[in-house]
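There are 2 protein chains.
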Amino acid sequence: MLEGMTFKDPRAGAVARLAALAADETRAACLLALLDGRAWTAGELARHCGVAASTLSEHLGKLVGGGLLAEERQGRHRYVRLADARVAQLVEDLTAHIAPDAAEPPRGLRQSGADSAMARGRTCYDHLAGRLGIAVTDALTARGLLRQDTGFALTDAGLDWFGALGADLGRRGRRPLARACLDWTERRPHLAGAAGAALCRHLLDQGWCVRIGSSRAVKVTGAGERALTDLLGIDTATLR
Amino acid sequence: MLEGMTFKDPRAGAVARLAALAADETRAACLLALLDGRAWTAGELARHCGVAASTLSEHLGKLVGGGLLAEERQGRHRYVRLADARVAQLVEDLTAHIAPDAAEPPRGLRQSGADSAMARGRTCYDHLAGRLGIAVTDALTARGLLRQDTGFALTDAGLDWFGALGADLGRRGRRPLARACLDWTERRPHLAGAAGAALCRHLLDQGWCVRIGSSRAVKVTGAGERALTDLLGIDTATLR
DNA sequence: TGCACGGTTCGGCACCCGCCGAACCGTTCC
DNA sequence: GGAACGGTTCGGCGGGTGCCGAACCGTGCA
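Just so you know, the sequences run in chain order E and F.
Going by the working numbering, 59 is the number at position 59 of the first sequence; the sequence numbering is gapless.
Going by the working numbering, 452 is the number at position 212 of the second sequence; the sequence numbering is gapless.
Everything labelled a hint here was simulated from the structure, so no lab data went into it.
Any given hint might turn out to be false.
Derived pair list, reagent style SDA-like, types lysine to any residue, alpha-carbon separation capped at 20 Å [said to hold, decoys possible]:
(1) Lys8(E) / Arg321(F)
(2) Lys248(F) / Lys8(E)
(3) Lys248(F) / Ser57(E)
(4) Lys248(F) / Ala52(E)
(5) Lys248(F) / Glu44(E)
(6) Lys248(F) / Ala33(E)
This structure is a prediction, so every number in the text was calculated from the model and none was measured.
Please put together the full structure from these sequences, using the hints given.
The following block contains the structure:
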């Protein structure tokens with residue numbers, strides 16, 4: 001080895017360790033699955049990834065140890081979820097970077113049912129995604145409540161709108177209020193951040209949309225269609 | 241292996257391959273070094289990282305092959321730089337995630353000279369960072385040209401201000417106009433995106449700040465101090 | 001009390017990856 | 001032409017890692 005080395009950036013080791021957590025296909029599949037914001041059991045993830053339970057147990061150990069996942073033991077079950085919104089954003093960033101590659105939906109006949117439900121509407125960590133997420137984001141923008149042309153931020157009118165809606169923006173911590181998240185199926189940014197989470201929570205709380213089974217896919221209810229039309233002028237026909 | 245596997249996310253492989261590029265300490269050190277936005281030769285990087293030239297050559301092959309770096313051959317030199325702003329953002333995201341860990345500047349007596357110059361002002365890919373970058377960002381915010389409270393976006397007044405300044409915002413592509421980038425030394429967000437790049441370019445073009453030697457550190461000139469005071473009311477004493 | 005089940009630990013296997021030095025190639029400069 | 005130099009290729013070495021099945025440990029249910 002040469003002697004004349006200057007001084008490698010001290011952050012390099014930490015960055016490498018962090019990236020290594022996502023640098024395995026099975027662990028990456030776990031992170032992507034957990035991006036729905038729900039908690040999965042170790043067994044569910046093992047079946048989802050197609051590896052032995054023992055293998056997945058070791059992966060979970062690394063992900064939890066690395067701070068990417070939080071775990072919760074209940075009886076003989078081990079539930080894991082993404083540790084926080086920052087981790088969710090990191091995973092989003094990684095997928096957004098490869099989005100152009102993963103283009104061209106395969107469209108196998110078999111799973112088009114579940115796929116089309118996901119494309120219609122789903123959760124992305126704690127906010128809305130799919131055509132539903134895009135429709136809401138676009139409507140907010142068109143009404144001057146959200147600015148996307150000069151960055152990504154709520155306007156004053158937007159702040160008022162959330163206040164009138166009664167959706168708690170929960171300004172604790174320093175999580176950004178509004179943030180863009182690239183929608184995987186629509187290839188355009190949708191609303192994320194504290195406002196995106198508040199809006200998603202509000203829609204679920206009000207029964208305006210409900211989860212389909214226990215999946216991340218969501219569907220707009222009749223009351224939801226009326227509310228979205230009234231509040232944001234959304235043409236709900238595109239969401240069916 | 242079990243048979244009952246469902247269907248692993250097809251993006252998992254691509255995410256893992258991407259993360260693997262950053263999952264090595266030497267490659268991470270390269271990416272961090274290249275985050276200054278300049279082009280480095282293979283030899284410079286090898287010395288910087290403290291590995292043999294042959295080792296680094298292989299690393300560069302992977303990074304270029306993975307699309308993270310762009311290369312340019314000149315004579316017997318091989319120059320590499322980050323491929324584009326999206327890659328720079330990805331590296332920023334990774335470092336931002338580990339920032340809390342890497343806290344507490346070591347403050348070795350030896351390198352405090354170079355360090356303090358970097359802390360005063362530097363480039364971060366194509367925009368300004370360090371106390372200079374923060375001062376500019378804060379001044380823009382205080383003057384109502386940039387909104388940070390509801391997201392991160394220029395205001396209409398901000399758009400006008402850039403127009404009056406004569407800094408070309410270069411709205412080609414879909415690069416966001418304003419974006420937050422976590423400042424490594426200041427631990428607060430500074431302005432990135434097309435506007436951040438335009439501003440940095442303008443300051444350098446006007447001779448308001450100059451690079452110190454061939455490093456990423458920059459220093460504000462006399463003319464620059466006057467301009468920053470006039471245009472943004474910045475107290476330039478904090479930048480010395 | 002006993003059994004089924006989810007999860008973990010352990011040993012072992014195969015593979016991949018980062019590292020080096022030596023040899024080699026092409027450019028630049030004398 | 002020849003020497004110096006930047007960069008690449010190749011063989012080989014050592015270590016790390018993902019995977020599995022088998023054994024094991026608790027929990028929960030009959």
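Cross-check of the supplied hints:
Proximity of Lys8(E) to Arg321(F) is assessed by CA-CA distance (about 17 Å); at most 20 Å being required, the pair is judged to hold. For the proposed pair Lys248(F) and Lys8(E), the alpha carbon gap of about 37 Å is over 20 Å, so the pair is violated. In summary, the hint linking Lys248(F) to Ser57(E) is supported, as the alpha carbons are separated by about 17 Å, within the 20 Å threshold. With a C-alpha separation of about 14 Å, the suggested pairing of Lys248(F) with Ala52(E) holds against the 20 Å cut-off.
For the proposed pair Lys248(F) and Glu44(E), the alpha carbon gap of about 12 Å is at most 20 Å, so the pair holds. In summary, the hint linking Lys248(F) to Ala33(E) is supported, as the alpha carbons are separated by about 9 Å, within the 20 Å threshold.
In summary, the one numbered hint that this structure violates is 2.
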